[in-house]
Structure formats: C-alpha cells, structure tokens
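*Asks:* For this one, chain B is given, so just place chain P on it according to the hints.
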Amino acid sequence: MVPISHILILAGMIFALGVVCVFAHRNILMILIGVEIMLNAAGLAFVAGSMRWGMPEGQIFVLFLMAMAASEVSVGLALVVYLHKRKRSVNIDDFNEMKD
Amino acid sequence: MPSFSMDNMVSILPEMIVLSLALAVLMFDLALPKDEKRYLAYFSVAGLAIAGYQTMNLAGLQLDTFYGMFVLDGYAIFFKVLFYIAAAIAILISIGYVKGQEMDKGEYYALILFATAGMMVMASGADLISIYLGLELMALSVYILAGFMRGSMKSNEAALKYFLLGAFSSGILLYGIAIIYGVTGTTNLAGIAAFIQSGQYSGPALTLAMILLVAGFGFKVAAVPFHMWVPDVYEGAPTSVTAFMSVGPKAAGFAAFLRVFTTALPGIQPDWTVIIASLAIMSMLIGNVVAISQTNIKRMLAYSSIAHAGYAMVGFVSGGMQGVSSVMMYLFIYMFMNLGAFGMVVMLRKDGVAGEELKDFAGLAKKNRTAALLMMVFMFSLAGIPPTAGFMGKFYVFMAAIDAGFTWLAIIGVMMSAVSAYFYLRVIMYMYMKEPEGEFELAAPLSLKLAMAVAVLGVLYIGMAPAGLIDFARISIAGMM
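So the sequence lines, in the order shown, correspond to chains B and P. Residue 12 in our numbering sits at position 12 of the first sequence; the count goes up by one each step and never skips. Position in the second sequence counted from 1, then plus 100, gives you our numbering.
With the rest of the complex left out, here is chain B (with noise of 0.2 Å):
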C-alpha cells in the first residue's frame, strides 16, 4: 500500500501547483483552471484522509466536493463567455475600469 505521507505530499504540491496557476497567468481560463486544480488536491487529501482512519466519509466528501466544482465551473464559464462576448478577451488585465 502506498504511504499516507507519500499521498499527502503530493496533495500538497498539487496544491501549491494550482495556487501559483492561479497567479502566474493573465488568462481567466487557466486561473479556473488552477482553481479547480486546487479543489482536487483538496479532494486528494480528503480520499487520504479517508485511507488512513479506514472511514468511507472522506470520499463521499470527494463526492460532494465534485458535484460543488462543477457547479462552480458552470458560473464561472456563463461568465467567462459572456465577458468575451462583450470584451473579445479573456485577459484579466482588459478588465481594469474600476482603479483606486
């Protein structure tokens, strides 16, 4: 069987992975897309978790975890399509009109 640490570390750069997604890129897609990657570590922790205590919770957490992201990536690509309808970009920079 695989180490829980082994598992956990990995989650954990997983995480770290998607958090600098999110701010490494200009490009709204790939900010969702580093948002979700990092709800999948999280997801990847729980089925950890879930391993080390024999308990079945953390992956029917996983579960609702899934059906959460996906409703989330629904509201954000409704956005993200209409803002590209409007703008013809999906730069996060083009969005500025509102400044200190």
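Possibly wrong hints are sitting among the right ones.
[What the hints assert, rightly or not] Using 35 Å as the maximum straight-line C-alpha spacing, the simulated DSBU-like pairs for lysine-lysine come out as follows:
id : chain 1 : residue 1 : chain 2 : residue 2
1  : P       : K459      : P       : K534
2  : P       : K534      : B       : K87
3  : P       : K205      : B       : K85
4  : P       : K254      : B       : K85
In short, the hints are calculated from the structure, not lab data. Predicted, not measured: the structure shown is a model, and the values here were computed from it.
*Replies:* Just chain P now, with coordinates in the frame of chain B:
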C-alpha cells in the same frame, strides 16, 4: 450518535420554507408578464415573514440532527432571524431599483432567497462539510447577483473579480478542512474539539489548517488582508445587491467563523487569538484610513465595511459569552445601519443617473429634508455616535474586549472609530453645508420608504433600548457556551 427521526425534518423546516419559496418564485416568474415582476418581491417578503414566524416557533429547541451535521439551536435561530430581515429589506430596496436598471427578472429574487438559504445552512452547520456546502450555495448565488446588471461593464467586472477570488478562497478553505480531516479523522465540530482535547496530536498541521480556515472565512467577512475584492465588487455590483452582500454574507461568514472556532478549535485558542487580533487591527486600520480618500460613496462604504469587520473581530477575540454575544449584536445592528445607508444611495438619483459620488449628496438637505435626515442617522450610527445603535454595538464589543483583558485592542478600536467619524461626517457636511448642484430626483417607491422606515426604527430603537437585543443574543448562546 443520534438516529434519524422526525427531529431532522423539524430542524430543517426554516431552510425548506426558504428553498421552496425560491423555487416557487422561479415558477411564478414564468406566469407573470414582464413588467409585473414586483409581485414576486412582495411574495418573497411575505414568504420570509412566514419563515421568520416558523423559526421563532422553534426557539428554545436544541436539536442535533443529520448525524451531527446540522444543529438547530438558539445561535442558529438568532442568525436566521438576522438573515430574514436582511433579505427582506434588501428585496424591498431592490423593487424600484431593478426596474430602473432593467434587471427586473424573477431570478433576481430567487437568487437572493437561495443565498439566504445558504447562509442559514452556514449558521446551522455543525460539520465543516455542511458549512462548506452552505457557504458555496450562498457564494454562487451572490456571484451571479453581483453581475446581474448585464449591460454594465462595471457589474460584469465585479462578478468576475468576486468569482475568481471567491473560488480561490473557497479552495483554500477546503484544503484547510481536508487537513483537519486528515489529522483528526472527523469533520464534525464537536468531534474535532474532542480529538484536540484528548491530546493525541499537537503538531504544526493543525495550526496550518487553522490558518487556512482563517483565510477562507476572512475572505467572506472581508477582513484585511483578504479584502482586495471588496472595493471593486461593492462599487461595480448593482447597489441593491451591494446592500445585501455587505450584510448577509458577512454575517453568515461570522456565524460560521465563530461557531467553528469556538466549538471545534478551543484547544488551540491562544494560536488563533493572536491571528484574529492582528486581522482585527489591520482591518480597522486599513478600512478606516483608506476610506478617507474615497470619493465614490459605494467605495467608501466598502472600506467602512472592512473596518466594521475589524470591530466585530475585536469581540470575537475577546471570546466567551460576552464576546460572542457582542459580535452577534454588532452584526444585527450593522445590518440595519448598512442596509439603510445603501438604501439611501439607491434612492438618490442625480440628473437622471444613479448618484453614487460623494458630491452628488451636496445640498440634499435643502432639497429633501427627510432623506438628508435619514442619511444623517445612518452615518451617525456607522460612526458610532449616540443615541444610535452603532454606538451601542461598539460599546458592547469594546466592553467585552476590556473585560477579557484586551484593553489595548479596545483602545485601537476607539481611536479608529474616531478616524472613521471624519469620512462619515463628511457626507453629512456635504448634505447640509454645500449648495445643491443639478437636479435631484429621489426614486423612492413605497417599498423603499418602508424598508428605510424599518432600518431607521431599528437603528434608533436599538440605540435607545439595547437591552432586548443583548438579552436575545445572550439567551441564544446560553446552550453553546
């Protein structure tokens, strides 16, 4: 572990009512002609009143249902009442505004109700997962509401920023929950507390998870340094939505924040006290100081909202019965005064466009004495000047801090409220001492007048007789503390 019984159905009755109401609004929307959507608003407010009545009937119950995932206690009921009033006032504020901005669609009211249901689940959640689901239900609805004014680029941009940062912060929150589950083997709040108490684990992972939770909830309550979305989103979103957003999700965030930290993590209280105290100081400092230089009134109120999150956190840090009840009371008062202030911004139209700049308020007192007087009461209350409710809210929060030995925190709070008086009183100075320019046009349908009357009565009544509210808050948490 409690088994499945009718108690489960009783405990979610308020949520069921609000959700059915939201679905009914969506259905009736199909039957109503385009310019008759205001009936949906009246219907929603009536439904919220029924939900409120049913919730009050449940007062005094202490139900631990759905295998410990969902509780109905005094604390939850207190916040549910707050959410009903906030949603009802926000809907009443909206009726005229949405028509003027050509966003009078049935979904608008349904989304407010869905967000309310999400906030109610957050207040009742006794498990990190149910709290997370409630938070997402609320957040997704509010993302859409922020972008509801589809023709306005500012509103679209607000929705985009709110969505991206909101999704990012909920990812952080979720990772914190996952770590807690990995460490303790449970997501139940009482179970987590029991595990920490048993002393089986005291490593850095728990502290890390706590910091991630602070970041996730800090975003929702708009505390510095998780506040960067607030000014843009508050400015860009339709004003009626901003009004709702500034009180509902903030109160719901605090409801979950307080419950998680006081019931699940009392074992590491010294750790989180330091973090939340520094968040409180930064929020009060940055919120109040940056608000001084704002010329857009919505942006100014956004920074003021950050500062108020800081005041509420002072009570949070104090902890205990007195601290928690002072935060609850503060949020209740904040709801009235902030909805009132945003309601006045909704009402004011200058030269045919929405008056959102500070200078649009110049000379309002000469044109409409009542409107200026109302705005003055709300500004006094936000600044914390007696005899308004804002003073009482701050008084109890700072008293709790002093009694808990955080005198220095209370001193910073008082100093920062003195700073805040500058920009709140500046609005009053504009209204009373400047000459009016341009044409004033007050878009005040009966529903908005009613909402403002409720808000101003709430502010003045609590300001003069706060005992009822403070007793309500204390009785509500008697079973929890």
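*Asks:* Taking the hints in turn, state whether each one holds.
*Replies:* Taking the hints in turn, this is what the structure says about them:
| no. | hint | verdict |
| --- | --- | --- |
| 1 | P:K459 <-> P:K534 | 9 Å, holds |
| 2 | P:K534 <-> B:K87 | 40 Å, violated |
| 3 | P:K205 <-> B:K85 | 22 Å, holds |
| 4 | P:K254 <-> B:K85 | 15 Å, holds |
Violated hint for the displayed structure: number 2, the only one.
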